[in-house]
Amino acid sequence: MAEEPLLHAVHSLDVRIQRTHPDLVAFLARRVGTEAEELAQEVWLRVHRAAPDCEDLDHFRAYAFTVARRLVIDHHRRRRVRRVVVPLDPTAPEPAGDPGRDPHGKVAADQILVVVQQVLGAMKPEVAEVFHLRTTTDLSFKAIAARQGCSLNTALGRHHHATRQLRKALDAAGLTEGGHP
Amino acid sequence: MTCPREPETLLWLYGEADDPSAVEAHLVGCAPCRAVVAEHETVATALAPMPVDALTAVPTPARANRAGPLVFGGLLALAAAALLVVGLTPDPVVQAPLDTDVAAMPAPAVAPDFVDPPLFRDVDAELEALDLELADLSHDFHTL
Numbered sequence: 001m002a003e004e005p006l007l008h009a010v011h012s013l014d015v016r017i018q019r020t021h022p023d024l025v026a027f028l029a030r031r032v033g034t035e036a037e038e039l040a041q042e043v044w045l046r047v048h049r050a051a052p053d054c055e056d057l058d059h060f061r062a063y064a065f066t067v068a069r070r071l072v073i074d075h076h077r078r079r080r081v082r083r084v085v086v087p088l089d090p091t092a093p094e095p096a097g098d099p100g101r102d103p104h105g106k107v108a109a110d111q112i113l114v115v116v117q118q119v120l121g122a123m124k125p126e127v128a129e130v131f132h133l134r135t136t137t138d139l140s141f142k143a144i145a146a147r148q149g150c151s152l153n154t155a156l157g158r159h160h161h162a163t164r165q166l167r168k169a170l171d172a173a174g175l176t177e178g179g180h181p
Numbered sequence: 001m002t003c004p005r006e007p008e009t010l011l012w013l014y015g016e017a018d019d020p021s022a023v024e025a026h027l028v029g030c031a032p033c034r035a036v037v038a039e040h041e042t043v044a045t046a047l048a049p050m051p052v053d054a055l056t057a058v059p060t061p062a063r064a065n066r067a068g069p070l071v072f073g074g075l076l077a078l079a080a081a082a083l084l085v086v087g088l089t090p091d092p093v094v095q096a097p098l099d100t101d102v103a104a105m106p107a108p109a110v111a112p113d114f115v116d117p118p119l120f121r122d123v124d125a126e127l128e129a130l131d132l133e134l135a136d137l138s139h140d141f142h143t144l
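In order, the protein sequence lines correspond to chains A and B.
Going by this note's numbering, the first sequence opens with residue 1, and the numbers climb by one from there.
Going by this note's numbering, the second sequence opens with residue 1, and the numbers climb by one from there.
These aren't lab readings, by the way, just hints derived from the structure by calculation.
Note that CB positions come from ideal geometry on N, CA and C, so glycine has one too.
Accuracy of the hints is not assured; some may be wrong.
Okay, the calculated beta carbon distance ranges per label pair [claimed, not checked]:
| id | chain 1 | residue 1 | chain 2 | residue 2 | range |
| --- | --- | --- | --- | --- | --- |
| 1 | B | Pro32 | A | Val25 | 19 to 29 Å |
| 2 | B | Ala25 | A | Asp110 | 38 to 48 Å |
| 3 | A | Val114 | B | Ser21 | 25 to 35 Å |
| 4 | A | Arg147 | B | Pro20 | 36 to 46 Å |
| 5 | B | Ala54 | A | Arg49 | 16 to 26 Å |
| 6 | A | Gly121 | B | Ala25 | 35 to 45 Å |
| 7 | B | Ala25 | A | Ala172 | 31 to 41 Å |
| 8 | A | Ala143 | B | Pro20 | 29 to 39 Å |
| 9 | B | Pro20 | A | Ala172 | 27 to 37 Å |
| 10 | B | Arg5 | A | His48 | 18 to 28 Å |
Construct the complete structure from the given sequences, taking the supplied hints into account.
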C-alpha cells in the first residue's frame, strides 16, 4: 500500500517525460545537431534524480527545458575546449555546426565575431573583461572576481549585463533563433 | 522582474553552484530565473560557431575602482556648494560653468564599509540620470 504513492509518482514522471521528449529532442537538435538524443537522455537522467515537484505538465516542461539549456551551454563549452586542444583532422567528417569548411557557416561565424567585438568594445572594460575571460579561459567566476578585485556577485552581475547586451545586438543582427535583422 | 537567487542560478548555469539540487528545486517555481537561463543559453548557442581564439582581448580596466556612490555624493556636495556661492552673490552674473568633468576629479578614498551595489542595478542608467541631474543644475545656475 505504501508503495502505491511512490509508484504513482514514478509513473507520473515517466508519462511527463514521454510527452515532453519529442519537443525536447527537436529543441536540442536545433542547438547541438546530431547529439540531441544523447543530450536528451542526460536531461532525463538529471530530471529523474531531481524528481521535481511540478504541479502540472507545463511546469514540468519549463523545468526540463531549463535543465536542457544548461546542458546545451556545457556542450558548447566542451566543444570549444576540444577544438583548441585537439587539432582538426582534415580527413575527419565535419561535426554538426562547425563552420570550419562550410563557407556559409564561416560567414556567419565572422559576422558573429564582428558583432561581439563591437558590443564588447562599447562596454565598460570591467564588464567586457568578465565576459571575455569567461568565454576564452577556464577561469571560474570566483577567480575572475578575485582578479578584478570585486565581489562574486559583482562579477556575476557584469557577466549577466554583458550577456543581455550581446543578446540585444545578436537579435538585432538576426543571429539568434527568433531574432530579426 | 528579478529574483534574489539569480546569482545562484548563474553559478548553477555555469557549473559552479555549491548546491546544484537546491538551485534546480528553486527553478521549478521561479520563472524569472528560468528566463535568465534561457537568455544565457540563447547567447551561448548564437556564439557557438564563433572562433573564440579570434576574440581579441579587451583593454584591462583600472582595478579597485569602487568610488561610484562616493563620486555621486561628492558631486552633489559640489553642486550644493556652487548653489550657495551663486545665492550669496549680489549681482547674479553668469557664473563659470561647473566643472562636470568627472574624469578630471580626484577619486575619493574608498570607505572601508563600502557595500557592493545590488547585483542587477543598471549602472549605465544611473550614470545617465546623474548626467541629466547635473545638466539641470548647471542650467539653473545660468538662469538665476
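Violated constraints from the hint list, given by number and in increasing order: 3, 4, 5, 8
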